[in-house]
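*Asks:* All chains, full assembly: derive it from the sequences and hints.
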Amino acid sequence: MDQYNVASEVFSFLRKNAAYIGPQIHLVMWGMGLLILDFLIPKEKKRLISLFALLGIAAAMVHWYRLYHAGVGRAFFDMISLDSFSLFFQLTVLIAAALTVMMSYRYLDEEGEQHGEYYALILFATSGMMFMVAALDLVTIFVGLELMSISVYVLVGFLRFNLKSNEASLKYFLLGAFSTGVLLYGMSLLYGISGSTNLQVIGYAVSQNPTSPAVVLGMIGMLAGLFFKVAAVPFHMWAPDAYEGAPTSVTAFMSVAVKAAAFAVFFRVLMVSLGSLRDLSTILISVVAILTMTVGNWAAVTQSNIKRLLAYSSISHAGYVLLGLATGSELGIRAGAVYLFLYTFMNLGAWAVVLLLRRRDIPGEQIDDFNGLFFRNPWVAGLMLLFLLSLGGIPPLAGFIAKYYVFAAVIQEYLTAGSKLMLWLAIIAVLNAVVALYYYVKIVVAMFMKELSEPAELSFSVGNTITLIITAAATIILGIYPNVVIRFAEVAALPLL
Amino acid sequence: MIDQIIFYTLAFIIVAMSLMVILARNAVRSALYLISALLGFAALYIRLQAELLAGVQILVYVGGIMVLFLFVIMLVSVRTMEHQARQTRQWKAAVVIALGVAAELIYLIVRGGSIFVTKQPPDALLTKSQNTQVVGEALYSTYLLPFEIASVLLLVAMIGAVVLAKKKI
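Listed in order, the protein sequences are those of chains A and B. Numbering-wise (the numbering used here), the first sequence opens with residue 1 and increments by one. Numbering-wise (the numbering used here), the second sequence opens with residue 1 and increments by one.
These aren't lab readings, by the way, just hints derived from the structure by calculation. Some clues are possibly wrong.
[Said to hold, decoys possible] Simulated DEER-style distance windows between Cβ atoms:
1. A:Leu163 to B:Val15: 57 to 63 angstroms
2. A:Ile469 to B:Ala103: 53 to 59 angstroms
3. A:Leu14 to B:Gln49: 30 to 36 angstroms
Owing to the predicted nature of the structure, the values given are computational and were not obtained by experimental measurement. Even for Gly, the Cβ is constructed at its ideal location relative to N, Cα and C.
*Replies:* Pasting the structure below:
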């Protein structure tokens with residue numbers, strides 16, 4: 001073959017395959033563009049960069065939409081599989097990234113850390129997540145995961161002159177590196193038994209030999225690593241500290257996007273590669289789910305710092321998603337996907353309100369800072385009430401649909417498989433939902449029934465107003481008409497079965 | 001026979017050196033013992049006819065990572081470290097966990113070791129001994145995408161280091 005032919009063949013290969021990673025290419029390119037833009041824009045106009053970051057995410061979304069219609073496929077020698085499952089979670093992380101960028105810029109002004117690198121890192125992290133959720137190969141999962149994690153480690157320490165932020169970043173980094181080691185350990189065992197890094201080939205090899213200790217240890221290693229990434233108890237120790245010390249906007253991003261991406265990998269690995277170990281994995285995940293819900297909720301009750309409280313609340317929410325994972329049924333996957341999608345809106349909304357309280361010289365991180373919020377700005381207090389009730393699972397808001405679906409999956413599994421474990425899971429989950437209401441109401445009481453303590457203005461901006469409107473609208477509308485999401489999730493669950 | 005002698009010699013060196021890494025009082029010595037252990041691994045790779053891997057092991061670990069380790073060790077005071085207590089309060093828990101993991105691994109090797117896929121490399125590969133070429137081909141075809149993502153990963157790590165370390169950005 002002469003050189004011209006080789007070149008044209010390579011070109012056509014790239015053109016065909018690169019289409020499937022279009023949104024990620026957009027994000028990386030725009031991210032690098034933002035770094036250059038950062039030099040060109042004078043200091044007082046730095047917040048313009050957030051607009052360009054938003055444009056980058058919008059471009060990625062447009063490309064996502066085209067892929068959504070163009071159909072599905074595999075690319076780069078089965079390294080990634082663009083199916084309805086990937087598309088579902090890619091949209092989730094893109095939405096989370098867009099909302100985070102919008103609510104960030106005023107906050108960064110207040111902190112005095114308005115830099116282009118912040119937005120670039122958000123874009124890079126998002127592209128890493130999009131690779132992760134589409135990955136059909138251990139190697140792609142790993143590099144995507146690391147791209148996301150390293151970006152987020154840096155973002156957590158972005159308030160460079162704040163000791164708490166530095167501490168949080170270091171803790172998150174050290175424990176994250178350790179958990180990555182455990183994850184790799186599990187991956188290497190699974191590679192050892194199958195001789196391949198492809199998830200489906202591993203799935204076949206595992207099904208040939210499901211009782212071998214190497215397989216079981218490989219599964220435990222992978223599960224432990226992923227449990228850490230989603231901050232499930234007993235691998236949650238880093239989460240409250242990291243969430244408290246990180247810039248609040250980054251905390252919001254971590255609690256929805258990082259979690260959604262890690263759960264997507266969790267679902268895919270568990271269903272595709274470890275499906276034949278269902279009996280064992282169900283027990284393991286059920287125990288972790290019970291611990292996660294219970295410890296998360298009970299620890300949240302005693303918190304007086306709002307960031308820690310929401311951190312523990314987000315741990316307990318991960319427990320509910322784990323319920324869907326524990327069933328391992330089609331309904332379970334759907335329920336988990338719906339939960340993560342709806343959780344993105346209501347949780348980001350709550351964090352957006354917390355961001356409003358950050359004003360110059362006022363950290364606004366205690367529950368006492370919410371005192372009398374209703375008398376200062378009834379709209380904001382009303383929205384916070386909406387998000388908290390939704391997080392608590394009150395109908396007709398989105399959080400109710402999310403919880404309802406998960407409970408339905410668990411009970412259906414109990415009725416069909418008849419395992420007592422599932423019944424107990426459902427009972428404990430419902431009891432936990434009651435505990436959760438207690439600490440959400442604590443914030444509501446502070447907002448509506450206590451004296452106004454802090455007279456300073458809230459830090460509004462166009463961006464976080466739009467964020468509040470979008471998240472509130474989604475929380476209400478998707479709570480009343482959940483069909484859109486449910487149908488989307490129904491299709492998303494199919495590739496994993 | 002000769003193969004086994006080579007293997008066990010190397011294995012002994014690696015285990016002994018790894019033990020010295022954690023037993024040595026002086027951190028610089030620990031680092032030097034670690035170099036010996038890593039060189040032992042490189043020799044194992046050569047015995048498995050994976051010359052490229054051996055080369056990469058020496059270049060990346062012995063060359064790059066160890067230099068970084070030594071840099072960091074030199075930045076903190078070695079003298080004060082020598083006088084600090086060697087064990088923290090958690091040593092009992094650490095021993096229990098370490099023994100647990102060891103027992104698990106031994107059980108795994110004894111009971112389940114046989115299911116690992118042991119692929120004989122194709123003869124052509126061995127005679128030509130061009131596994132560098134094979135790795136290169138895999139890297140630029142099958143693993144093209146992860147390879148490219150890794151380059152973005154390095155960029156992010158670089159940005160991260162600058163952001164966190166520089167006073168004024």
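*Asks:* Take the hints in turn and mark each one as holding or not.
*Replies:* Comparing the hints with the structure gives:
1. Taking 57 to 63 angstroms as the suggested C-beta distance range, the pair leucine 163 of chain A and valine 15 of chain B does not conform, at roughly 42 angstroms.
2. In this structure the supplied range 53 to 59 angstroms holds for isoleucine 469 of chain A paired with alanine 103 of chain B, their Cβ-Cβ distance being about 58 angstroms.
3. Between leucine 14 of chain A and glutamine 49 of chain B the C-beta distance comes to about 33 angstroms, which sits within the given range of 30 to 36 angstroms.
Violated hint: 1 only; the structure is consistent with all others.
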